[in-house]
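Chains as they are written, first to last, in our numbering: chain A, 1 to 57; chain B, 1 to 381.
Possibly wrong hints are sitting among the right ones.
To be verified - Computed from the model, here is a short list of chain A residues facing chain B with C-beta under 10 Å:
1. I4
2. R8
3. T14
4. D21
5. D28
6. A36
7. D39
Claimed, not checked - Covered by chain A, per the in silico footprint, the following chain B stretches (three or more residues, Cβ under 8 Å):
8. 37 to 48
9. 203 to 217
It should be emphasised that the hints constitute simulated quantities derived from the structure, not laboratory data. Backbone N, C-alpha and C define an ideal beta-carbon position, used for all residues, glycine too.
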Amino acid sequence: MDLIGEMRSADAGTVVELLSDAPQSLTDVPEWADEAGNDLLAVDESDDHNAFYVEKS
Amino acid sequence: MTDHIVIVGGGTGGSVLANDLSDRLDSELESGDVAVTLINDGSDQVYKPVWLYVPFGKREPDDGRRPLADLVDDAVDVRNDRLTDIDTDSQRLQLRDSVEDVSYDHLVLATGSTLAPEEIPGLVEGGHNYYSEDGATTLREELLDFSEGHLVLSVVGSPHMCPAAPLEFVFMADDWFRERGLREDIEITYTYPIQRVHGNAHIAEWAAPLMEERNINRETFFNAESIDPDAQTVSSMEGSELDYDLLVTVPPHRGIDLIGDAGLGDDGWVDVDRHTLEADAATSVYALGDAAATGVPKAGSVAHYQAGVVGQRIASEVRGQVPTATYDGKTICFIETGMDAASFVEFDYENPPSPAPPSKKLHWAKLAYNESYWLTARGLV
Ligand SMILES: Cc1cc2nc3c(=O)[nH]c(=O)nc-3n(C[C@H](O)[C@H](O)[C@H](O)COP(=O)(O)OP(=O)(O)OC[C@H]3O[C@@H](n4cnc5c(N)ncnc54)[C@H](O)[C@@H]3O)c2cc1C
Numbered sequence: 001m002d003l004i005g006e007m008r009s010a011d012a013g014t015v016v017e018l019l020s021d022a023p024q025s026l027t028d029v030p031e032w033a034d035e036a037g038n039d040l041l042a043v044d045e046s047d048d049h050n051a052f053y054v055e056k057s
Numbered sequence: 001m002t003d004h005i006v007i008v009g010g011g012t013g014g015s016v017l018a019n020d021l022s023d024r025l026d027s028e029l030e031s032g033d034v035a036v037t038l039i040n041d042g043s044d045q046v047y048k049p050v051w052l053y054v055p056f057g058k059r060e061p062d063d064g065r066r067p068l069a070d071l072v073d074d075a076v077d078v079r080n081d082r083l084t085d086i087d088t089d090s091q092r093l094q095l096r097d098s099v100e101d102v103s104y105d106h107l108v109l110a111t112g113s114t115l116a117p118e119e120i121p122g123l124v125e126g127g128h129n130y131y132s133e134d135g136a137t138t139l140r141e142e143l144l145d146f147s148e149g150h151l152v153l154s155v156v157g158s159p160h161m162c163p164a165a166p167l168e169f170v171f172m173a174d175d176w177f178r179e180r181g182l183r184e185d186i187e188i189t190y191t192y193p194i195q196r197v198h199g200n201a202h203i204a205e206w207a208a209p210l211m212e213e214r215n216i217n218r219e220t221f222f223n224a225e226s227i228d229p230d231a232q233t234v235s236s237m238e239g240s241e242l243d244y245d246l247l248v249t250v251p252p253h254r255g256i257d258l259i260g261d262a263g264l265g266d267d268g269w270v271d272v273d274r275h276t277l278e279a280d281a282a283t284s285v286y287a288l289g290d291a292a293a294t295g296v297p298k299a300g301s302v303a304h305y306q307a308g309v310v311g312q313r314i315a316s317e318v319r320g321q322v323p324t325a326t327y328d329g330k331t332i333c334f335i336e337t338g339m340d341a342a343s344f345v346e347f348d349y350e351n352p353p354s355p356a357p358p359s360k361k362l363h364w365a366k367l368a369y370n371e372s373y374w375l376t377a378r379g380l381v
């Protein structure tokens, strides 16, 4: 949900980085990015958190 | 030298903390070794949970107001003024109505959430809300006049206060229209930003079948981008459009701008360590409640628990001890599921919520909690 707030105010082409320790973001973020037509560029998984990079279309 | 503790914001978190400190540090306050100042931009405390009931005629806005001077211990200096600038290097604050700066040794920001409906084109003109005193009162008039058509409740802001309140509103509206024999002529739709009906997967899983049963439509993956008040449509970032006859929204939320100006965090939320509640970007600064970016819900219960933690930590610091109290993410929340039934959840950083089956008893417990709230603010419960 924090990601959506950031994406609202971002300009097209901006890449937003989201750090999350909630396991459900591994499915939530790709599903929302897909639905809203934004590109999920990369996901870095680590032990205690994941980093998502989403580009606003 | 007197150790000066300044709390900004006399809402739930600020007033519970002021009373907690006056209790914990009573001998230091008496001897003049410590002074506690609470700064709030208004003489009343406003208890927002009351607003959920106002549109349905169950409560009056005045039920959610009490003079701060009656709630906070006399040992605390309560000032009615507005913070306009923070300098965390010199540890000084500027206030709107005071010529002199205020210096602090310990600062706590408990400035809560504010609404930013102007961020969505058309929202100010087209949308109603129950997230403000005025909004709730105007919505009451609208609801009384509404006897047929499409009621849309759209969650626009994320994060927003009381994550359960949008679900509560549609459950209560469903029941209220049924009781008045109007439900067959009214369609109710609930929209939510992500692919389920609530941010927390456990609560979403519990609420979705209940909405199905009550014939409440669900539009997920819906982030309102603009509203056309003339055509009465909401367009989403995802490319869909929804017609409405009455639009109720949970508007975008922000903290106060000067938090960003002071370099303490984005969008008015203070970046903090989620266990110690200390600001990341400055020393001797804490934030609690809605103003603190901890990732837990923006709820009064959270502000209350966090106030206890900050109170213990500051008392230790004042006494030259190492502060050890930490916040574990504890949140409790009653969820109204109609006009006379409610559920209850409790969770923290480690343990997910598991909603209790809705019952009348829990509904009365929620009302009793709201009634006794003023005792909580005074530090008595
Ligand atoms: C409709 C609705 C229903 C809710 N229901 C529930 C519920 O059932 N359970 C629950 O736990 N929570 C509920 N909440 C959420 C709860 O009200 C908030 O999370 C809680 O009030 C947060 O407390 P706080 O102390 O952080 O901020 P607030 O209580 O918002 O207090 C902030 C204070 O700071 C003051 N302030 C702001 N800026 C300045 C400044 N620059 N200078 C001086 N003073 C300033 C404000 O005027 C205000 O008095 C609900 C909220 C709403 C809107």
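Consistency of the hints with the structure:
1. I4: holds, 5 Å
2. R8: Holds - the Cβ of R8 of chain A comes within 10 Å of chain B, reaching about 7 Å at its closest.
3. T14: violated, 14 Å
4. D21: holds, 8 Å
5. D28: holds, 6 Å
6. A36: holds, 5 Å
7. D39: It is violated, given that the least Cβ distance between D39 of chain A and chain B is near 15 Å, above 10 Å.
8. 37 to 48: violated (count 0)
9. 203 to 217: Violated: only 0 residues of the region 203 to 217 of chain B have a Cβ under 8 Å from chain A.
Comparing the model with each earlier hint shows violations of hints 3, 7, 8 and 9; every other hint is respected.
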